[in-house]
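Colleague: Can you build the whole structure from these sequences, using the hints too?
Protein sequence lines, in the order shown, are assigned to chains A and B. Residue numbers for the first sequence, in this note's numbering: 207 to 416. Residue numbers for the second sequence, in this note's numbering: 411 to 579.
Be aware that a few hints might be false.
Restricting the straight-line Cα-Cα distance to at most 25 Å, the calculated cross-link-like pairs of lysine-lysine (BS3-like) are [to be verified]:
{"hint": "1", "chain 1": "B", "residue 1": "Lys479", "chain 2": "B", "residue 2": "Lys499"}
{"hint": "2", "chain 1": "A", "residue 1": "Lys269", "chain 2": "B", "residue 2": "Lys499"}
{"hint": "3", "chain 1": "B", "residue 1": "Lys482", "chain 2": "A", "residue 2": "Lys276"}
{"hint": "4", "chain 1": "A", "residue 1": "Lys219", "chain 2": "A", "residue 2": "Lys274"}
{"hint": "5", "chain 1": "A", "residue 1": "Lys269", "chain 2": "B", "residue 2": "Lys479"}
{"hint": "6", "chain 1": "A", "residue 1": "Lys320", "chain 2": "A", "residue 2": "Lys276"}
From the structure, some residues in chain B lie toward chain A, with a derived Cβ separation under 8 Å [claimed, not checked]:
{"hint": "7", "residue": "Lys422"}
{"hint": "8", "residue": "Glu495"}
{"hint": "9", "residue": "Asn496"}
Read the hints as simulated data drawn from the structure, not as lab findings. Beta carbons: idealized from backbone N, C-alpha and C, even for Gly.
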Amino acid sequence: MGTRNFLWNSAKKFFTIGLIGLTVSDRYFSIVPVRGYSMSPTFNPQISSSTGSLTDDRVLVEKFCLEKYKFSCGDVVVFCSPSNHREMHIKRITALPGDWISTPHSYDAIVVPKGHCWVEGDNSVFSLDSRSFGPDCKVQTILEDIEDLKKNYFESCLFLFVPRTANSCSHAMAQFAVKSVRMIEWEGAFPFWLSELARKDMGVVTPFCN
Amino acid sequence: MSRLFQFVRQWKPIIKEGFSQSFLIAKFLCLLHVTNTHVCTPVLVYGPSMLPTLNLTGDVVLVEHLSQKFGKVGPGDVVVVRSPENPRKTVTKRIVAVEGESVTFLVEPALSDRSHTVVVPRGHVWIQGDNIYSSRDSRQFGPVPYGLILGKAFWRVWPPDAFGSLSQE
Chain A
207 MGTRNFLWNS
217 AKKFFTIGLI
227 GLTVSDRYFS
237 IVPVRGYSMS
247 PTFNPQISSS
257 TGSLTDDRVL
267 VEKFCLEKYK
277 FSCGDVVVFC
287 SPSNHREMHI
297 KRITALPGDW
307 ISTPHSYDAI
317 VVPKGHCWVE
327 GDNSVFSLDS
337 RSFGPDCKVQ
347 TILEDIEDLK
357 KNYFESCLFL
367 FVPRTANSCS
377 HAMAQFAVKS
387 VRMIEWEGAF
397 PFWLSELARK
407 DMGVVTPFCN
Chain B
411 MSRLFQFVRQ
421 WKPIIKEGFS
431 QSFLIAKFLC
441 LLHVTNTHVC
451 TPVLVYGPSM
461 LPTLNLTGDV
471 VLVEHLSQKF
481 GKVGPGDVVV
491 VRSPENPRKT
501 VTKRIVAVEG
511 ESVTFLVEPA
521 LSDRSHTVVV
531 PRGHVWIQGD
541 NIYSSRDSRQ
551 FGPVPYGLIL
561 GKAFWRVWPP
571 DAFGSLSQE
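Modeller: Right, here's the structure in full:
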């Protein structure tokens, strides 16, 4: 009888704490972990070798701005991705409605429509943002496919950005694969043209088993 | 000094009572907020864009949020959506198509028969008012991200002679 009372009281307490916590988190403040490096060096300045979430930066997010929806250029905001409402992103606003933005893919300039804003990550090299939320963005699709492969097929996968000048090996292999008709397997030894390119990429003369 | 003690002793139970009552009111307001934001809330909708389903002068409908959270909102549902042109406004329209589907619509139904076909991109929905002659919807501002949907309207509460569920079209 005493334990039933005790359990009921604890349940009521948890329920109350849950309600208050949810209300405060919705209306006033909440704490959000930042994953990924698209806002480097502002958040997550070092690329950590461990993929654990304990090393992520955590930020305090205030919800008072949602009353008036009045943001300024330069604010860092947390939002749901337009292409997947379950994912949250954190980026910086770089243009407000009515501002002109030059698109990265062409020489046009577009005006930001009413009720919209332009967001960009601080780390412009690796950032999926307004430049890629356009209606036909191939980079976003490729990155999403890689994420899918990583989750379902590979044990571990590290994604790095390497500029084309140091990546001629992969580029040549991709071009070769596109042109070849049948499946080709190499085991143990690279073809000569590939090992030459790999040597050039590494910048050192490395003996390949060829 | 003893007068101060007397004062405190007199007012202490009243202050305690005041705090506990305020806490009760705060708990009630939190419950109200959580119910309105995450479960179900009444909304006043007005305007000509959803005639004949909803009246011009104003209807109060119950909007539930659980379907949106579980992704169960689909074509044919009347939804309340945060306007993509002005985030302080909410609009009520019907979902016509979801991501991946293609929509054919009349660009200017009152003026010409010209129609346009669009494929709804990933993560977006296409909303249209039932009264296409007087509705500002996806035909003007394009497909709307799913995350802007606030909830699905399922029951009309006011006016009392139209009390009942909002039927599928």
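Colleague: All hints are to be evaluated individually against the structure, with a verdict given for each.
Modeller: Against the structure, the hints:
Between Lys479(B) and Lys499(B), the direct Cα distance comes to roughly 21 Å. Compliance with the 25 Å bound is thereby established for this hinted pair. Among the hinted pairs, Lys269(A) with Lys499(B) is consistent with the structure: their alpha-carbon atoms are about 18 Å apart, no more than 25 Å. Proposed proximity of Lys482(B) and Lys276(A) is contradicted: the alpha carbons are some 31 Å apart, above 25 Å. Between the alpha carbons of Lys219(A) and Lys274(A) the distance comes to roughly 34 Å, so the proposed pair goes past 25 Å and is violated.
Using a Cα cut-off of 25 Å, the hinted pair Lys269(A) and Lys479(B) holds, with the two alpha carbons roughly 20 Å apart. Taking the CA atoms of Lys320(A) and Lys276(A), the gap is about 13 Å. The hint holds against a cut of 25 Å. With 8 Å as the threshold, the beta carbon of Lys422(B) stays out of range of chain A, its nearest partner Cβ sitting at about 24 Å, so the hint is violated. At about 4 Å, the closest approach between the beta carbon of Glu495(B) and any beta carbon in chain A falls short of 8 Å, and the interface hint on this residue holds.
At a threshold of 8 Å, the smallest CB-CB gap from Asn496(B) to chain A is about 5 Å, leaving the interface hint in force.
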